[in-house]
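> Hints given; two lone chains; assemble the complex.
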Amino acid sequence: MESMTGAKALMTAMEKEGVKQVFGLPGGANLPMYDEFARCDIRHILVRHEQSAAHMADGFGRVSRKPGVCFATSGPGATNILTGIATAQADSAPMIAVTGQVPVAMIGRDAFQESDIIGMANPVVKYAFQPRTAAEVPEAVKKGFFIAETGRPGPVLLDIPKDVQTNKAEMIFPDEFKIQGYHPWADPDIANVEKAIDMLLHSEKPIILAGGGTIISSAFAELQAIAEALMLPVVTTFKGKGSFPENHPLSLGPIGMHGHAEANKMMAEADCVLAIGTRFSDRSVGTFEAFEKRLKIIHMDVDPAEIGKNQTAQIAVVGDVRASLRIMVKLLLQRAIKKTDETPWIKHVKETKAYWKENLKLHPGEMGAAKILRKLRELLPKESVVTTEVGQHQMWASLFYDVIQPGTFFSSTGLGTMGWGFPAAIGAKVAKPDVPVVDIAGDGSFSMTENSLATAVLEDIPVIVFLLNNSTLGMVAQWQRTFYDRRMNGVDQGHCPDYVKLAESYGAQGIRAQSMDELDRAIKTALSSDVATVIDIPIDPEEDVLPFVAPGTSLSDMILPS
Amino acid sequence: MWAILSILVENKPGILFKVTHLFRSRNFNIDSISVGVTENPEYSKMTITTYGDEKQVEQIVKQLDKMIDTVKVEHLDEHKTVYRELSLFKIKLSNANDSMEINKLANAYGGKVHDVKKDSIMVELTATPDQIQAFEELAKPFGIIDVARTGVAALQRSGA
Ligand SMILES: Cc1ncc(C[n+]2csc(CCOP(=O)(O)OP(=O)(O)O)c2C)c(N)n1
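Line order of the protein sequences matches chains A and B. Residue 173 in numbering that gives the first Met the number 0 is what sits at position 174 of the first sequence, and the numbering runs on without skipping anything. Residue 77 in numbering that gives the first Met the number 0 is what sits at position 78 of the second sequence, and the numbering runs on without skipping anything.
Isolated chain B (complex conformation) (with noise of 0.2 angstroms):
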């Protein structure tokens, strides 16, 4: 099971690793990971996706709610959550079609095309893991050069 966990945790140094640390020592995995400070800055949020199955997804909160610097740690429902990843891809221009082929294939994605150069192109995608893989997979033909993937932020929808 893939599980998405919301972690608000106090604004302080040295609590990321606490939080990483907890997950290598108790021999949990972290699929990823981002962090930002709250509206309040008080306060941090983490959303961390890991892989695992219920009990042990269980476990892993409760683990994570023992901790003293977080104050709320909830694990999301996936159907009930909006949840995000930005990306940013630079692809292979080998030929003149190239170009306007990955324009097409970002529009159908809702991604954003920048830094456009004669033999490179770069695609920014906010989007669901899954999406972002399936694009990836149809990127992969022109030449992947480099990917960067920031992790997975998450809120509930209201009411649910």
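In isolation and in its complexed conformation, chain A is listed as follows (with noise of 0.2 angstroms):
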């Protein structure tokens, strides 16, 4: 046992969980902690806002799969994260936040720049602590990042007065703990799988719907497997894009409302779908109703209360999804199946693939998003980092670009947060150095969260920013064209700053790439500078993203490019 002061706990528990650095923003509240940044191994990254703080913690948990770690102050330190932990949380992305609060006794006194963020962010944490003596301190931490990440992963709030912060105690870092209430696991039941392998052989048009929880287990050697055996074809959830190789034979990519036009088409086809890992988002398979009504579920997932909660399964496995889909490969291995030739279920899919594939209208002009995202595609090797902005730009990437190397794309796909991917990718990058990392932007979204260009120069994080400028809040422009008879309300970006300026004020570098020939160097040249660089790559604003499962209808109702 130690004497130490809450703050120094805190920096020694983190470091025993292996933290080496943190994103944060400092303030009255939280100084002590800040103090000992001097005296211990951890890195503080510094943010312009706290926002991008939480979304760069999110990048990086989601990339690593250990939770990032954000720092803030009290009061406007910890409203400003809000966002950022409701996006993990919407997400299920392991996440640490660490918030100064106001001493002990002042509590509920409306002491300058206190809030009650334990009551505003409850809603949106997995969990939340604050402890209200100094050796607390080291268990909270303890409980903390074991709640993040373990089960289905999510944000933990650590709230710290700041009395509790400099106040001295005999600190015990414990090894074991107990969280009563807490069941992160459940064995996948055996018989279930047994059963669910049993429906899929005997079904006629079987499919896979692989979601976000495919990714969070890196479920993706057997899920492949899976798919290959039974020659099930694969589409996804959008948060589930790149669970399985894009460019595989039995891929159709993700479903939903800016899902590709075949993926959505034999979704709406299916008579039995294995759903991995995914809450069914109404965005995903449109009306509740019309998705179950002709269709057999099979639904695996680790979170219980995510059987039944949008859709009726026939069979349930709840479990982590990887041991589940391990079992059925086992299974699948012991009673030696493996289909060879191709059903015609098989072969009308991919006719269907091959049809769109063809089919599908793209803009006329040479700058038309599906050129710009496959030229990316193109130069970008398979195992580099995409996250995305939120918009038109997020699903035509969604469209065209696609994930080969699984486990390698993320998106805000469950709050849509604008100004997410660009700090996301920061974090991304922090916990893979080595690769490549490219955010795919709007120029609204990239608005947001700008000013984390000073952290990515400050503190050499080289991101790409690949900006399709449009000029306009794209998306919504889109819906008023499409749902409002054009009155277009607030969409106008009018007065945008020179991106490449901006980036070069910030000490970055900003490259204008106008034709395919300019976008095809600027790309080279990012990738080979030790600078983040944003690529301004104009587009045209009247562009949309189809097909489009409007809102409230279902997969079969795609609105398609006349």
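It is worth saying that the hints were derived from the structure and are not from the lab. Note that the structure is predicted; figures quoted are calculated from it, not measured. Misleading hints may appear alongside valid ones.
Taking lysine-lysine pairs in the DSS-like style, the calculated list, with each CA pair at most 25 angstroms apart, reads [said to hold, decoys possible]:
no.	chain 1	residue 1	chain 2	residue 2
1	A	K141	B	K11
2	A	K142	B	K71
3	A	K523	A	K431
4	A	K374	A	K204
5	A	K177	B	K71
6	B	K17	A	K141
7	A	K523	A	K374
8	B	K89	B	K139
9	A	K292	B	K61
10	A	K295	B	K71
Now the structure itself:
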């Protein structure tokens, strides 16, 4: 046992968890913690807005599968990171958010920079701690990391009053602890996996729907083995994009509001679905009623509360999806099940896919979204990590940027947070410094967190912003063109900065690409430079994302480009 | 369907808020709620009654179960459970007969009479929500001045 302050105990406990860096911004209420950075091996990465600190931690967490850590002071610092916390919660990303709080005796008195961040954050965290004495800090950290990264991962908030940071106590850093009401794992029911195999074998048009849980549990090899053994076409949710190589003959890509035509068509025709790690969000399946009417559903998920929440499953397997899929692979081997011949269903799937690859109408101009994103794909090494912002560019990425190495594509799919992609890319690059990291961005989204360029330059974290610049809030503009009779209110970005100069003013690199040749050069230059780069790509503000499944309709009611 | 949920939680501040917030954020309704510490001071027990179809109730139970502060969540079978609610009724006395009539009514429901005044009387009734409802209907004609109800407390019968 050693006597130390709560702040020191926090750093020591985090070091024990393997934390190498945190993202944050200081203030009065977390100064004692900041003071400790001078005395420990944890690197502090300074942001310009706490929301970005949370997104960076999120990006780090999704890539490394270890909680990313962000720091903010009390009051406004704490409220600023809320969006980032809610974003991580919506996408089950592991994260630790550490906020300062006014001293215990001041809580509840509307003190300067006091906010009830525990009360505000509770609905959007997996758990929140507010240690009231210094001695509670080590166990809170230990439990916090455990909760954040196990089972269905999520954000954990540690709100630490200032006097708890400065007070000294005899510290015990526990190796063992008990959290009575927390059961992160269940063992998958083997009998149900067996039944699932039989159901798939006895269906005429079976399909796999892989969701974000497949990526979270890195169940890539298992997924591929099963798809190939049973000859099952694979569609994904948007969050599950890239859980299966998108250049694989059985891959159809994401379904949903902005899914691939072939994926939505095949999903709408299937009679049995093996749904893996998905919550069947409305964005993915359209109307819930229409979706489950014609389908037998096998649902695998780590979170028992997902079973039956949005869709009724005939067979449910609760447990880590990788563990469940491993059991399935083993059973398939034992029963020597390996389909080799092409079923009429697979033939039909392949024909449909080929048809849409040929016949989907694309933008006629040189700098159409499909061409731009395919160029990026062509030039990026397959292990590169891609994040996106939110808007049309995100959905074009869904449609035209094929993920080849599973688990290298991340987006704010649950909350749909503009401004997420760039800071998340910085966090991702910290987690994987040796691969190129690219944020596919729109100008509206990039404007929200572009000041993270300062962090990228100052902290030497060279990411690439691939900016599809239509000078408008494109996705909203598309909805206004489609559903509001072209009444274009509040979407013209009018006074956009010159993004090349903007990048340069931060000490980053800015390149404008107005033709395919320029784009080719720009990407190559960005890939070979060691400074953050913004590639500004002016595009047609009127280009729509199509196909499109309008909200409240079913996957078979797709709007196609005419 | 009316459902009785018994929820064992850690006895820590803020948990009642989290549980009730869960109902709000998941679009479920609380019909009644009662909370009290258990024989072990580390835990509190909440009894929540709610309405929903089978799927909804199953989902509430799962969401409650998922909460880290909940130790045990049970959907109690109404027929294998003893459940009671305490209620207090302040009833108007308009004429000489009323007091006797209300006494009789209270007796019929196993209630107790308190605070008899010239123009009002208080009845304490511990019963199932249905019985309290029935009593209220019968007491209405006298004129109900005020009512307070505690929400249901419930325990499963042994061997059930
Ligand atoms: C924080 C936030 N505010 C508003 C929205 C609503 N919204 C969704 S897409 C979009 C437009 C995005 O514009 P931009 O980033 O330029 O991308 P584009 O659609 O033009 O590709 C908006 C405003 C959102 N998702 N997030």
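> Quickly compare the C-alpha distance for K374(A) and K204(A) to 25 angstroms and report which way the hint goes.
Violated, at roughly 34 angstroms.
> Going straight from one Cα to the other, do K292(A) and K61(B) come out at no more than 25 angstroms?
Given that 25 angstroms is the threshold and the Cα spacing comes to 24 angstroms, the pair holds.
> Are the Cα positions of K142(A) and K71(B) separated by 25 angstroms at most?
Satisfied, since the Cα-Cα distance of roughly 20 angstroms is no more than 25 angstroms.
> Does K71(B) lie within 25 angstroms of K177(A) when you go C-alpha to C-alpha?
Since the Cα atoms of K177(A) and K71(B) sit roughly 15 angstroms apart, the hinted pair holds (cutoff 25 angstroms).
> Taking 25 angstroms as the top limit, are the C-alpha atoms of K89(B) and K139(B) close enough?
holds, 11 angstroms
> Next pair to validate is K141(A) with K11(B); report whether the Cα-Cα distance is within 25 angstroms.
Satisfied, since the Cα-Cα distance of roughly 19 angstroms is no more than 25 angstroms.
> For the pair we were handed, K523(A) and K374(A), check the Cα-Cα distance against 25 angstroms.
holds, 11 angstroms
> Check whether the Cα positions of K523(A) and K431(A) lie no farther apart than 25 angstroms.
holds, 20 angstroms
> Between K295(A) and K71(B), is the straight-line Cα distance small enough, at 25 angstroms or below?
This hinted pair is violated, its Cα atoms lying about 32 angstroms apart.
> Taking 25 angstroms as the top limit, are the C-alpha atoms of K17(B) and K141(A) close enough?
holds, 22 angstroms
Of the numbered hints listed earlier, those contradicted by the structure are 4 and 10.
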